[in-house]
Every structure is written in structure tokens, then in C-alpha cells.
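Start from the sequences, fold in the hints, and give me the full structure.
Residue numbers (the numbering used here), protein chains in the order written: chain A, 1 to 175; chain B, 1 to 642.
Heads up, some of the hints might be wrong.
As the list claims (entries may be wrong) - Pairwise CB distance ranges (calculated):
1. A:Trp75 / B:Ala386: 50 to 60 Å
2. B:Ala386 / A:Asn160: 31 to 41 Å
3. A:Pro27 / B:Glu566: 23 to 33 Å
4. A:Ala31 / B:Pro395: 33 to 43 Å
5. A:Asn160 / B:Ala147: 26 to 36 Å
6. A:Ala107 / B:Ala441: 48 to 58 Å
7. B:Gln157 / A:Leu5: 35 to 45 Å
8. B:Leu506 / A:Asp106: 50 to 60 Å
9. A:Arg152 / B:Phe373: 30 to 40 Å
10. B:Leu366 / A:Ala107: 45 to 55 Å
11. A:Val11 / B:Ala391: 25 to 35 Å
12. A:Arg91 / B:Met1: 54 to 64 Å
13. B:Val22 / A:Asn160: 49 to 59 Å
What the hints assert, rightly or not - DSBU-like mimics (lysine-lysine), calculated; alpha carbons at most 35 Å apart, straight line:
14. B:Lys586 / B:Lys510
15. A:Lys84 / A:Lys26
16. B:Lys381 / A:Lys53
17. B:Lys586 / A:Lys84
18. B:Lys510 / B:Lys554
19. B:Lys554 / B:Lys533
20. B:Lys586 / B:Lys533
21. B:Lys381 / B:Lys586
22. B:Lys533 / B:Lys510
23. A:Lys65 / A:Lys53
24. A:Lys26 / B:Lys381
25. B:Lys510 / A:Lys53
Derived from the structure by calculation, the hints contain no laboratory data.
Yeah, the Cβ is synthetic: ideal placement off N, Cα and C, and Gly gets one too.
Here is how the chains run, residue by residue.
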Amino acid sequence: MSRGLRLIPIVLLLFLLSGLAWRLIKPADTAVPSQMVERQVPPFALPAALPGKPGLNAADLASGKPHLLNIFASWCIPCASEGKVLQELQRRGVTVDGIAIRDTPDALTAFLARNGDPYQRIGSDRQSDVQIALGSSGVPETFVVDAHGVIRRQYIGALNASNIPGVLRELEEIR
Amino acid sequence: MIAETGLAALWLAAGLAAYQFVLMVLALRSDIAVTRPMRGVAVIQGVLTLLAFGMLLLVFARSDMSVALVFENSNSAKPFIYKVAGAWGNHEGSMLMWVTILAIAGAFVALFSRRTGERTLTAALGSQAVLALGFYAFLLVASNPFARLFPAPPDGQGLNPLLQDPGLAFHPPTLYLGYVGLSVAFSFAVGALLTGEVDSRLARAMRPWVLGAWILLTLGITAGSYWAYYELGWGGYWFWDPVENASLMPWLAATALLHSINVLAARGALKAWTMMLAVIAFSMSMVGTFLVRSGILTSVHAFAIDPQRGTFLLVLLAIYVGAAFVLFAVRGASLKEGTPFELVSRESGLVVNNLLLSVVLGIVFLGTLYPLFIEALSGEKLSVGAPYFNALAGPLALLLAIMVGIGPLLRWRRERRPVFGQLKIPALIGVSALVMTILAAPAMHILPRLGFGVAAYLIAASILPLVGRNPLRAPLATWGMVVSHFGIAVALSGMAANAAFSSERLAIAKPGEILTVGPWQVQLESVTPTAGKNWTANEAELRASRGQGAFTLKPETRYYSDPPTETNESAIRTFWNGQLYTVVGKEDASGAWQLRLWWKPFVTLIWAGGALIAIGGALALLGRLLPLLRRRRFPEWRRRYA
Numbered sequence: 001m002s003r004g005l006r007l008i009p010i011v012l013l014l015f016l017l018s019g020l021a022w023r024l025i026k027p028a029d030t031a032v033p034s035q036m037v038e039r040q041v042p043p044f045a046l047p048a049a050l051p052g053k054p055g056l057n058a059a060d061l062a063s064g065k066p067h068l069l070n071i072f073a074s075w076c077i078p079c080a081s082e083g084k085v086l087q088e089l090q091r092r093g094v095t096v097d098g099i100a101i102r103d104t105p106d107a108l109t110a111f112l113a114r115n116g117d118p119y120q121r122i123g124s125d126r127q128s129d130v131q132i133a134l135g136s137s138g139v140p141e142t143f144v145v146d147a148h149g150v151i152r153r154q155y156i157g158a159l160n161a162s163n164i165p166g167v168l169r170e171l172e173e174i175r
Numbered sequence: 001m002i003a004e005t006g007l008a009a010l011w012l013a014a015g016l017a018a019y020q021f022v023l024m025v026l027a028l029r030s031d032i033a034v035t036r037p038m039r040g041v042a043v044i045q046g047v048l049t050l051l052a053f054g055m056l057l058l059v060f061a062r063s064d065m066s067v068a069l070v071f072e073n074s075n076s077a078k079p080f081i082y083k084v085a086g087a088w089g090n091h092e093g094s095m096l097m098w099v100t101i102l103a104i105a106g107a108f109v110a111l112f113s114r115r116t117g118e119r120t121l122t123a124a125l126g127s128q129a130v131l132a133l134g135f136y137a138f139l140l141v142a143s144n145p146f147a148r149l150f151p152a153p154p155d156g157q158g159l160n161p162l163l164q165d166p167g168l169a170f171h172p173p174t175l176y177l178g179y180v181g182l183s184v185a186f187s188f189a190v191g192a193l194l195t196g197e198v199d200s201r202l203a204r205a206m207r208p209w210v211l212g213a214w215i216l217l218t219l220g221i222t223a224g225s226y227w228a229y230y231e232l233g234w235g236g237y238w239f240w241d242p243v244e245n246a247s248l249m250p251w252l253a254a255t256a257l258l259h260s261i262n263v264l265a266a267r268g269a270l271k272a273w274t275m276m277l278a279v280i281a282f283s284m285s286m287v288g289t290f291l292v293r294s295g296i297l298t299s300v301h302a303f304a305i306d307p308q309r310g311t312f313l314l315v316l317l318a319i320y321v322g323a324a325f326v327l328f329a330v331r332g333a334s335l336k337e338g339t340p341f342e343l344v345s346r347e348s349g350l351v352v353n354n355l356l357l358s359v360v361l362g363i364v365f366l367g368t369l370y371p372l373f374i375e376a377l378s379g380e381k382l383s384v385g386a387p388y389f390n391a392l393a394g395p396l397a398l399l400l401a402i403m404v405g406i407g408p409l410l411r412w413r414r415e416r417r418p419v420f421g422q423l424k425i426p427a428l429i430g431v432s433a434l435v436m437t438i439l440a441a442p443a444m445h446i447l448p449r450l451g452f453g454v455a456a457y458l459i460a461a462s463i464l465p466l467v468g469r470n471p472l473r474a475p476l477a478t479w480g481m482v483v484s485h486f487g488i489a490v491a492l493s494g495m496a497a498n499a500a501f502s503s504e505r506l507a508i509a510k511p512g513e514i515l516t517v518g519p520w521q522v523q524l525e526s527v528t529p530t531a532g533k534n535w536t537a538n539e540a541e542l543r544a545s546r547g548q549g550a551f552t553l554k555p556e557t558r559y560y561s562d563p564p565t566e567t568n569e570s571a572i573r574t575f576w577n578g579q580l581y582t583v584v585g586k587e588d589a590s591g592a593w594q595l596r597l598w599w600k601p602f603v604t605l606i607w608a609g610g611a612l613i614a615i616g617g618a619l620a621l622l623g624r625l626l627p628l629l630r631r632r633r634f635p636e637w638r639r640r641y642a
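Below, the structure written as C-alpha cells:
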């Protein structure tokens, strides 16, 4: 067997090792980005999730003013941690609308009492239909929607305090 | 004290493994005879590691929550068997189990191996110790299984519910035994490359280990496939999931090695190739362990996601496999090939077998790692799934199955007899089966159709080595081969039947509704809440019948509290001609339930075939080991002239 032939396994091993090492350094990103970014919010009309608060439809999001659209649920633990961040944004003048996924009024009332209520409107999406139409693959997710109802950005997973300046800047840019 | 005893035993074992490395260097550099102390130290090292693993089992059995590992992976409410199984249902414990098996394998080699030269044995034991040393370092530095918690918490966090299944008690240990059995072949190969003694004696010393490892890998894969089938509730037996592939790759390499090692043992040929395969087979085991333990691939199997541990394993992989490949590149040239053989001979049959298996291995390897390489080079994400694997590996597997019928009929060195005459009847059976599928099911897909034809041919062809002789006087090894090859035909027919005839019904049904799947009428009677020791569940009651003899099936969706997880417990009824497979999902707003129903004709043949393949291996192993035991009782003079 020639020397070159005998070196092939070593070369293949080096390829394999560098590929595996690269993956270790840069773990796979399992987030599923929405195909609806840079597109008009699809038409929908959701009933109110709570008696005292209006429901949500697509026209509410194209009201001439940028919105944050938060997809959440009372049964979602990261959503609870996100509550404070959304309230801070609301205090700074951001309009936050919510879509509650597969939720009940009782559970939702308790959830908002515990974690605060930043929402102007909350639509109830019992079968995740609107969530799927928006291209959201889980809770929580947050969409930045511009004045004309076009989705400009999607945040996958809970927002944290470090996201606040970025979100405010984006809303300022699309105003 | 129990945990501390375990830790101390582990440190001592690591020290002895380092000492073995020194002994190996001495043996290779000088003429000092170190074989006896080497054997002794290897045995003690094995015993100490076994002691450490025993201590780990004990703390898990006693639910000693002051040990961090027990706290993180166990819970006092768990059934006893899962408490014990929890010892290896986690990263640290499974690595300790791995090194325990490694060290015990070394001890067995030290106690019983008499076939190779002394220097080669010493080098092989040294190499086995170096393998173990890396894992000792890994355990002691990066993942101590015996670390304590202070103060001790009142109760533990529980075990992943997917793992709370009798399958867990056997599946990982079986695969690990298989992986580690290949480490012995690796160590023998490295030892022989170091001393230059690559000959038929070496092949005979390696063969039982390769055979044993291969049997366990076969069983592990078969059992794992059945586990995924009934526990995950997707109704499939093989998903080409990266981690499944990671267990298939060592199996393919071990299968090739198993066949080429016979050429080396009988004819002294294929030396370099066999050594290469021994290294590759173990490398694939290491890659498999790395993929599972580092969690870098998204998979149902990737339980632990921890880059630091992954790095450690990757470094070990690089050192061991890199060193073996370098050794091969340096020493490979000095290997003289043995007796030549002609184009039509047993040897060339086995070379064809090895080539086909290697190509299939390459296909699986490429498909498993291709997405990773593409993303590394271009940033583009893609996934490689069943269509690729089935389209590429399927036809090759069928070709291989055809060759399986021919190879065993050929003689060593050269074949002058007209062997193909014997294959007339099997070929006729195969072609008739093919014609029958065309007449009876014109719409069938091409792969299952060919699968039926090849399976029918192989069922007849595989028993030919026993035809024309007294089957009772045939060697056990021949019987083993026949049973294994017959098992391939059985598994193949199960796969073809499953692919061609399965019927599937996904539906949303209200209680009282009747659904049809295949020949079955299935009525959803009710869904009731129920509870077990550490879970609650929605249990559906299904009434199934095909004309007469109705019976009840009770699939469940279970909710475990520690940690909060949901699993589907399928309900399966087995008949001689297939399985009815049912799963219940979620309830929708209108009070209807998701139901998944399958009728899978002859699907059980897949695992029955896998079991037959393993049984054949066990017969062959018995055939290789029995003469050893018998010879030992003979007096010295008879042994010499026997």
C-alpha cells in the first residue's frame, strides 16, 4: 500500500474532528424564524381573552402606530419572567398587544395578577391558529409590527432587560 | 463512606492504568519480560473499577441524596429498578459504566488470552490501559460521579420519564458492552502494529471479542429500534436519527471486521485492511459516544448538552484514533500480504462483502455529518433524512443480501466447482416472489418489491451451506452463519412488508366514533384520567375488531411531575400476521381526541430477524470458545500434537 493511501484516514479524521469541534464551539441554533417577517400581518380576529379587555384583530395592529405583539400563555414559565420587561417597555410608551395561546380566563387573570399586565389588548387563540399563521413556533415570542401592520422583527424566546434599548431603538426607527 | 470508597477505587485504578502504560513502553523498548506483572495489574485495575461502579449502584439503590448525581437524577418515589438504572441514565454514571466495562474487558484479556505472542499481548493490554486512562481522567477531572452535596437535600429531581422504561435498564449497557468489546479489537490491532506481529494467531485472539461485541451491538440496535417504536409513539422502527446512525456505523464496521478477520485467521490475508477496520470500528464507537454525550446533534437521544464534556471526549477521540491512524501509516507498509487468492474464491466473496459494507458505512457517515459540514462551510442549514438513506443504502443492502447467498458456498483460495447451479432453486423462488408482488400489488414501490424478491431468495439460499451434508455434524460456526444469514432474510421481509402494506389513520374522534384502519374497525369508547406511582395520565379505551373477537386497547398520554414531561404510551396488540398500534394524543375544544392508528402487517419480523442474527452470532461464538475449554483439559503433550 502506498504512503499516500495510508495517509487518507488521517486526513479524513482531521476533517471529522474539525467539523465536530466547530459544532462544539458554535452550537446548533434550533430557533425557527418566521417567514412572515417583512410581510403584512395576516388577517385575523380573535375574541377577548378576558372580560374587561378588548380582543385583537389584524386591523388593530395597522393603526398608524408601531406595536409590540407578544405571543404568550399563562402556562408558560419563561413568559412569567418576561412580564417585567414588557411592563418596563409599556411604561416607556410602547403599545404592547398580546395573544394568549390555549388559555382560560381564570388562569390568565391569575397569571396577570401575579406577573403584571402590560397589555392593551389580549386576543384568545384557543387552537394556536393565529400563532401558526404568524409563523411563531412557540411561546414566548415577540413581533415588532410597524404602523402599517407589517412585521419588522421577531424575537424568539423571552425578552430580557438587555433587549429593552434595542426594542426601543427599532420602534423609534420605524415610527 | 460508600461514595468515598468508590472515588478512592477510581483513583487507584487510574494509577494502575498509568503504571500499565509504563510497563508497555518498557516491553517495547527492551527485552525485559513484563507480561506476568502486566496481566496481574490489568486484573486488579478491572476489579477496582468494578468496585467503584458497584458503589455507584449502591448509592443509587439507597437513594442517598447527599450525592449530587443521585439528587439530580433520582427521586425516592421512583420504582426500585429505575433507581438502579438511574445510575447509568446520566452523563457521569454512564461514563463510569463505560470505563468499568473497558477495564473488565482488559482484565479478561489478561486472564484468558494465550493465543498471541507475549509482546503483542503486553502491548495490547498497555493500549487498553491507555484507553481507560483517558476516561479515568475525564471522570476524575471533569465529571466526578461521587461528588457530595452539603447539606443533603430532602429529595431528588427525578429521571427523564422517557428513560423510565424497562428498555433503559438494558439498552445502554448492551450498546456499551458492544462498543467496548470493539476496544479490545482496537487494542489488539494497536499492539500488533507496534510489534509487527499481524498474523492469523492475532486474528484468532481478536475474533471472539469482535464476535461478542457484534452480537451485543446487534441486540442493542434491535432492542433500541423496538424501544423507539413503542415508546416514542411515531410507529416507525428506524428514523435515520443521527444517534441511531451513530450506533449503526460501529455495527457496519464490526460486521465488515467480523468477515475480514476470518480471512486473516484462515488464510493470513487482508492484514492491513483488517487492522484498519479494527481501528475504524472502535473509532465509530467513540464517535457514537461523543455524539450522544456531547449533545451536539438535535435528537431524542441527546440528553446531556454540555460543551465542556464534549470537548474532553473530542480530545480523547483525536488522541486515540489519531495515534492509531499514524501508527497505521508508519507500520502499514511493513505488513506483508498473505497467501494470494483467485477471482472466484471465498476470499474475494468476503472482499466484496467488505467493500459493500464499507460503502454503506460511508453513505451513513456522510448523511449523518453532511448537514454539519455544509453549515460549517456555507452557513446554510439543511437536513438529510430517510429519502437519502433509503435511496442510496437500500439498493446496496439488497445487493449485499444477494451476495450473502453466494459467498458461503465458495471455497477458500479458488473455486472450480459450478456453485451457481446450487442457487437455481433460491433464484427461482426469488423471481417467483417478485412476479407475485407485480401481479398482486402492481402499485407497490420498487424497493419493497425487490425486498420481497431478495428476502424470498435468501431464505432458501442461506440454508444451502447445510444442504448436502449431515447438518448435525456441521460445525457450530457454520450453523451460526446460516442462522444469521437466515435472520437477514427474515428482517428484510419484515421491512418490505411494513413498507408495502402498512395502513395509517390519523384522526380526531369523539367517544363513540368508529375509525377504520386496514382490516380493523376501532371504536373510541372513552378517555379517563388515571394515575401511577409518579405520573398521571389520560387513558383511552379503544375497542378493536375485524369482524369477530373484539378486544380492548388502552393507549395513554402520561404526564410526569419530576421533571414535568409528557409521553405517549402506545397500546399495541400483536398477531401472527402483524401489529395493531394505537396512540392517543390531545383533546380539542369540542371534546374530541387525536388518535393515531396503524395496522402493520408482519412488522415483528424485523426484530425477530435482528434476534436471529444475534443468535447466529452467539452460536458461532460458542463454536469458537468450546474447543478452547475442551483443549485446556488435555495434558500438555496432547495439546502440542493435537
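Failing hints, ascending?
-> 1, 7, 8 and 16
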